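Chemist: Please construct the entire structure, taking both the sequences and the accompanying hints into account.
Protein chains in written order, with our numbering: chain V, 9 to 273; chain X, 24 to 685.
For the record, the hints were derived by calculation from the structure and aren't laboratory data. Hints may be right or wrong, so weigh each one.
Here are the in silico distance ranges between beta carbons for each label pair [unchecked claim]:
1. V:Glu230 x X:Pro277: 53 to 59 Å
2. X:Asp419 x V:Ala45: 37 to 43 Å
3. V:Thr150 x X:Ile342: 58 to 64 Å
4. V:Lys167 x X:Asp504: 40 to 46 Å
5. X:Cys426 x V:Pro165: 24 to 30 Å
6. X:Asp504 x V:Pro165: 28 to 34 Å
From a predicted model like this one, the values you see are computed outputs, not experimental measurements. Glycine included, each C-beta is placed from N, C-alpha and C at the ideal position.
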Amino acid sequence: MKYSYYPGCTLTTKAKDLDAYGRASAQALGFELEEIADWQCCGGVYPLGSDEIATKLSSVRALHEAREKGQDLVTLCSACHHVIKRVNDDMKNVEDIRTRANNYMQLEKPYAGETNVLHFLEVLRDRVGFDVLKEKVVNPLTGKKIGAYYGCLLLRPGKILAFDNPENPAIMEDFIRAIGGEPVVYPYRNECCGGYISLKEKELSKSMCDTIMESASGFGAEMLITACPLCLYNLNKSVEEKLPVYYFTELLAEALGVKEEVDRA
Amino acid sequence: MQRIGVFVCHCGSNIAATVDVEKVVEIIRQEPGVVHAEDYQYMCSEVGQAKIADAIHEKGLTGIVVCSCSPRMHETTFRKAAERAGLNPYMVEIANIREHCSWIHKDVEEATKKAVILARAAIAKVNLNAPLKPGESRVTKRALIIGGGIAGIQTALDIADAGYEVDIVEKTPSIGGRMSQLDKTFPTLDCSACILTPKMVEASAHEKITIYTYSEVEKVTGFVGDFTVDIRKKARSVDMDKCTGCGVCQEKCPSKKAPSEFNRGLSNRSAIYTPFAQAIPNVPVIDREHCLKFQKGKCGVCAKVCQAGAIDYEQKDEIVTEKYGAIVVATGFDVIKLDNYDEYAYSQSKDVITSLELERIMNAAGPTKGHLERLSDGKAPREMVFIQCVGSRCADDRGKSYCSKICCMYTAKHAMLIRDKYPDVNVTVFYIDVRTPGKNFDEFYRRAVEDFGVNYIKGQVGKVAPQPNGRLLVQASDLLDNRQIKMEADMVVLAAAIEPNPDVRKIATMLTASIDTNNFLTEAHAKLRPVESPTAGVFLSGVCQGPKDIPETVAQAGAAAVKAIGLLAKDKLLTNPCTAHSDELLCNGCSTCANVCPYGAITYEVRQVNDHGIREDRRLAVVNEALCQGCGACTVACPSGAMDLKGFSNRQILAEVDAICQ
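Modeler: Right, dumping it as structure tokens:
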């Protein structure tokens, strides 16, 4: 199975791990991530201005290219996933945005939200299957108590992201189980880490991350996993009950026995 | 050609301030067929009606047009006036120049022009009117009540006391409904069971009342005054005549893991069970899904211990067919499922409960024998938080758009009772608005705040987070203080929205009773006919029509009973003569009309037709005039124009349209 893949800027700089482990794991699991040619930054934040078109165009270009190849579009970064999925929804359902974006793009065949946008975790759950993943695990993370940290971008708005129940999600816990770990469910796993507010009001973001860390360690987590570079950055700034935070792909690569390969490269 | 009289009403200034009524009379007087025209200040008054009667006598009128308010208001008044003067009442037409004209326009000239046009349309119609005569149908003097909660019980008692036979059909093994699950009732704090059980006993002992418990309505045919209903008596596996209600079978039953419906799943019951101690009838039911005998073929303990030999594993469902003149729906409510409200951790924590679950916990016969304790560890709570409007007054499709109406009061009740019985427990209530209209209601709420020290905070809770220490962290905003709150609680109680019993959809379909988007049954008129369904002979009692508390439910139950009695007291019913009929030469038997008929009034029969000398058998639509409500859907749907409505024929409607477009 071949997917169009949109890595996003952060995965080529600060979050290289998220990307490298993801690609290696995909290979081990037998699906191919074909990087979109000439992809551009998604903008990082979904633009809420209703008259804002320009900042949506890079997503539309990626979505359009995937459609032309007849492939689903896979993302790894929560923020990219959020932006691209919401822009895709706009292109499908908001006539004004669709018309204006297409007027600008001058495509041979206008784009109207045809591409299926999948997060890597959704590929694991819905395409590979967690049961199949479990069979392919060579180094199960037995005995590791792992807290899933979802953040908000993957879950909300629930109807558009359609990723999991935003108030009580389960996909990352199921993932942890599949790689042999023991998921620790804690109530703050779907709360915001502060996002970009950490640039402006460090203390606020830190206190939000502290709440998350305290809750996770209070329920017995030994480490956290996330799919979001910004969450990882913010959580690492937390001082209370500090737990190590990993990209979920790192643990996946480890479980699949391809981590060392990546580390060596 | 008819001899038509036109009567233009001023309605005080309601019409006359915007419509130049004298000018309307002036113009209409010139219309062909109009032999009399006059205006008067209040046409609906005695004097106004006398003017109509006089004109009928003096001018030999054969048709009347009254230009006045909506026919919903006074069509009957004017029809009766005409009838008294010797004219067929269906020769009267109303031109609605108030709601359709004066009330919605400002410009006098334009409004006057429109009033003339509306009058012309009515004149055009009345020109084609023919005298109509209502038919007659018989009335079966027996009422059916669907649902045996307080609403159904009260309606049954009131109808039975008036001397008519009543059957109650209740789905569960006992009558009593939601009220039987409540501990205390607001605002007087009397014990729910103490005031309900006498009513249950009275209903069961009443010689005019037959109760079918563990039974469901399966099929309804017929029409007002003459319904035929199939009732499925589900197999109880216990012979009701032999059982003495001793209860030994329930004690000895080895399968005790079935969740108790009565205790909202907070405790378990045996497979053979009566839902609660005061159940009526006091005859248990075998829940076959949890019974070892039915599931594994082994056991049979209940049959062995039953001295009366009442256990019958072979019992089968039984269908009882009965005739009724009136049907009252009293199907009640349940609280909504909280799947969409995971931020309150209802599914994650045992200490987050609904208010109905708290009723059971507070009740001496409940899962904790009436002790207030956490379901997770049995410890007494020190800090309790109540969250109001969980799923009520919701702006999106996550919950319900309406106010559930009872939650503010029962939350105040719970808060007060807890503070009274456990003074060291702190109680905080988060609310959007406190709504306590009702006799002694606001006083009750104020007592909770002022005398019992319940802490009310205006603001919604965003998250309830179970803590590693076993407590619950409640995050909320205080809108009056404009601050964020984080507080730990030992128990959180959710005032979950109420919704109509899900079965009501099925029942409404059987009764062709209309239902709104929230599954509440629709009343015939929101203000003036609040206990009647638009379907003749079907009445509404209790929460199936809309959220209400016990006193309101009982009042509505009585009102529904009166309406049903009014129907049962009649020997014959006059049927509305404005019914559909099919022209057999035009009908091609396509079924389109039957598919759109909301009342099931159209059937098909094969009849010999003489079509211009050719005799052949054809499949033809036949309208049951007793069922037809004259809605006209079939006349519009009929592709061949065979369907027509008496009093509203296609010709009459088109004549009106022509008159308007002149």
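Chemist: It remains to establish, for every hint, whether it holds in the given structure.
Modeler: Results for each hint:
| no. | hint | result |
| --- | --- | --- |
| 1 | V:Glu230 x X:Pro277: 53 to 59 Å | 45 Å, violated |
| 2 | X:Asp419 x V:Ala45: 37 to 43 Å | 40 Å, holds |
| 3 | V:Thr150 x X:Ile342: 58 to 64 Å | 60 Å, holds |
| 4 | V:Lys167 x X:Asp504: 40 to 46 Å | 33 Å, violated |
| 5 | X:Cys426 x V:Pro165: 24 to 30 Å | 26 Å, holds |
| 6 | X:Asp504 x V:Pro165: 28 to 34 Å | 29 Å, holds |
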